[in-house]
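Undergrad: Sequence:
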Amino acid sequence: MRLVLIEDSATAREELLERVAAESTLSVVGVATTASQGLSTVLISRPDAVIADLSLPDGSGLDMLREQRNRGYHGRMLVLSASPHELSAVASALSGANAYYDKSDSLDRLIMDLRDMAKFATLHRYRVLDENSQPPM
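Reading the sequence shown from the start, the letters are residues 2 to 138 in the numbering used here.
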């Protein structure tokens with residue numbers, strides 16, 4: 002599964018890159034540190050999922066997520082934040098995010114969810130191939 006990571010914290014970014022690199026079904030195809038870089042990186046790389054920080058130096062991660070959806074991005078959007086507040090999770094969902102993770106305690110859950118998404122995507126591809134295959138003669 003192809004991922005774009007939009008995270009301004011070097012520490013969080015490096016930890017996520019290291020964790021994703023350990024997963025055989027996941028690959029990072031783009032990294033950005035600002036909302037504007039994130040918009041262009043997603044447009045160019047067309048990932049299966051975007052992991053975005055809620056708070057970015059040049060604007061809100063929520064505004065960037067809304068803009069991704071307005072530009073026609075239909076992949077998964079996952080929000081990562083240092084703010085564990087329920088209101089942030091609700092605002093993320095209203096902005097088009099599929100999931101919300103707290104940086105302080107949810108990285109294991111994020112990686113687990115990414116594994117599951119990759120597994121589902123693989124199963125879906127096989128199912129489509131099976132449905133499109135010709136019956137034996």
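These are calculated hints, taken from the structure and not from any lab test.
A portion of the hints provided could be inaccurate.
Computed Cβ-Cβ distance ranges for the label pairs, DEER-style [stated by the list, open to error]: (1) Ser-25 / Val-91: 12 to 22 Å; (2) Leu-108 / Glu-87: 14 to 24 Å; (3) Gly-73 / Val-30: 31 to 41 Å; (4) Ala-22 / Asp-117: 26 to 36 Å; (5) Ala-11 / Ser-61: 28 to 38 Å; (6) Asp-59 / Glu-15: 28 to 38 Å; (7) Leu-44 / Asp-106: 23 to 33 Å; (8) Phe-121 / Ala-11: 27 to 37 Å; (9) Ile-45 / Leu-18: 25 to 35 Å; (10) Ala-22 / Arg-110: 23 to 33 Å; (11) Asn-99 / Arg-20: 12 to 22 Å; (12) Leu-95 / Gly-73: 10 to 20 Å; (13) Ser-28 / Asp-109: 12 to 22 Å.
Yeah, the Cβ is synthetic: ideal placement off N, Cα and C, and Gly gets one too.
Undergrad: Against this structure, judge whether each hint is valid.
TA: Verification of the hints:
1. Distance hint check for Ser-25 and Val-91: the Cβ-Cβ separation is about 34 Å, which falls outside the suggested range of 12 to 22 Å.
2. With their beta carbons about 19 Å apart, Leu-108 and Glu-87 fall inside the hinted range of 14 to 24 Å.
3. At roughly 18 Å, the beta carbons of Gly-73 and Val-30 sit outside the given window of 31 to 41 Å.
4. Judged by the Cβ atoms, the range 26 to 36 Å given for Ala-22 and Asp-117 is violated: they are separated by roughly 18 Å.
5. Between Ala-11 and Ser-61 the C-beta distance comes to about 20 Å, which lies outside the given range of 28 to 38 Å.
6. For Asp-59 and Glu-15, the Cβ-Cβ distance of about 21 Å falls outside the hinted range of 28 to 38 Å, so the restraint is violated.
7. Between Leu-44 and Asp-106, the C-beta spacing of about 32 Å keeps the proposed range 23 to 33 Å intact.
8. Between Phe-121 and Ala-11 the Cβ separation comes to about 31 Å, which falls inside the hinted range of 27 to 37 Å.
9. Range check, Ile-45 to Leu-18: about 19 Å between beta-carbon atoms, so the 25 to 35 Å window is missed.
10. A hinted range of 23 to 33 Å is violated for the C-beta pair Ala-22 and Arg-110, which are about 18 Å apart.
11. With their beta carbons about 19 Å apart, Asn-99 and Arg-20 fall inside the hinted range of 12 to 22 Å.
12. Checked against the given bound of 10 to 20 Å, the beta carbons of Leu-95 and Gly-73, roughly 19 Å apart, stay inside it.
13. A hinted range of 12 to 22 Å holds for the C-beta pair Ser-28 and Asp-109, which are about 19 Å apart.
Checked against the numbered hints given earlier, this structure breaks hints 1, 3, 4, 5, 6, 9 and 10; the rest are met.
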